[in-house]
Amino acid sequence: MAEFTDIWSYLSQGPLLWLTATLVAYGAGDALFRASGRKPYVNPVLIAVVLLGAVLWGTGTSYATYFEGAQFVHFMLGPATVALAVPLYGNLARVRATAVPMLAALVAGSVTAIVSAVGIAWALGVRGETLVSLAPKSATAPVALGISEALGGSPTLTAVLVILTGVTGAIVATPLLNALRVRDWRARGFAVGVAAHGIGTARAFQVNETAGAFAGIGMGLNAFLTALIAPVVIAWLV
Amino acid sequence: MIPALTLLLMCQLAGEVIARGLGLSVPGPVIGMGLIVALFLAMPRVAEAVRPAAAVLLGNLSLLFVPAGVGIVGHLDRLGAQGVAILTAIVVSTVLAMVVGALVFVAVARLVGQQDG
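These protein sequence lines are chains A and B, in that order.
As numbered in the working numbering, the first sequence has no gaps in its residue numbers, which increase by one up to the final residue, 238.
As numbered in the working numbering, the second sequence has no gaps in its residue numbers, which increase by one up to the final residue, 117.
Just so you know, the hints here were simulated from the structure itself, not pulled from any lab data.
Note that the coordinates shown come from a computational prediction; the quantities given were computed from them, not determined experimentally.
Note that CB positions come from ideal geometry on N, CA and C, so glycine has one too.
Hints may be right or wrong, so weigh each one.
Claimed, not checked - Beta-carbon label-pair distances, calculated as ranges:
no. : chain 1 : residue 1 : chain 2 : residue 2 : range
1   : A       : L11       : B       : L87       : 31 to 39 Å
2   : B       : G59       : A       : Q71       : 15 to 23 Å
3   : B       : A38       : A       : T20       : 32 to 40 Å
4   : B       : L111      : A       : T20       : 48 to 56 Å
5   : B       : G21       : A       : W8        : 42 to 50 Å
Chain A extracted, bound-state conformation (with noise of 0.2 Å):
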């Protein structure tokens, strides 16, 4: 029978150990998450993000050997991007009934995102890649990510930036709207699609109907305007 070790070393240098670690742990974290009644700061990536982040530090894996088996979750990014086609189309007619009040919306809830995050980290002492990451934190992951990398940023830090953005928006967004007694649900929802993406959407839709899709519209054209606008912004600060 072959030693523990031998198995280990074979198995840590291949993609299925790794692909099926971070299935999971992105299980026990999206488990966690249902057991808390659905709390925003239960938050199933952060868990398995922990879980794995302990597992390669324990057993000495480099991230590189890890992304060779999780590239494989890593890649389909891409197709969600465009896959978001879908609801965006799906809600075209409400985008044009409301076409205005959201443009306008969308262009000053985006600008203040890039400007203030990129504007207040630089003014802390932030300067160089870490700046660049920071900027497209409001859009929904797979774009940032792009954006990250397209601009000289570590996607890699972007990812877990737009998480915590993710994250902080769903935590905070009801108690912030109430206090500024905005009662319309399409403003709610499309304010928090726009500032805190898919986890913030997700948000949105436990909250109320409306506000959800209004989340979800929100969030898809803020991937469009954060790619035309960080690069601005970040030519012109960095």
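Got chain A sorted already, so can you dock chain B onto it with the hints?
Okay, now just chain B, sitting in the frame of chain A:
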């Protein structure tokens, strides 16, 4: 499922070719998203055909962030040194963007008379 996935990949591929060919900093998949919306407008039947595959992908969207997220293990030193600055930027800018977005939406909707309906 397979024809839908093929179409999604073809749009992504066309998007990448356009992005690289024209030297754009817009990610290829985002251009692909624009292309497929145009295709849906021209042929609404295609949108129906892609819908189930898109639902599977988007329904499990958060799983797809995990591999990139794990890359954080390579950035722990940077986050340790600049963690407070980065977190401050994220929290403040997310709150600002949401406040500005919601207030502008309400104000402009009132201005152009598109009240909640």
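Evaluation of the provided hints:
no., hint, in the structure
1, L11(A) with L87(B): 31 to 39 Å, "37 Å, holds"
2, G59(B) with Q71(A): 15 to 23 Å, "21 Å, holds"
3, A38(B) with T20(A): 32 to 40 Å, "39 Å, holds"
4, L111(B) with T20(A): 48 to 56 Å, "55 Å, holds"
5, G21(B) with W8(A): 42 to 50 Å, "45 Å, holds"
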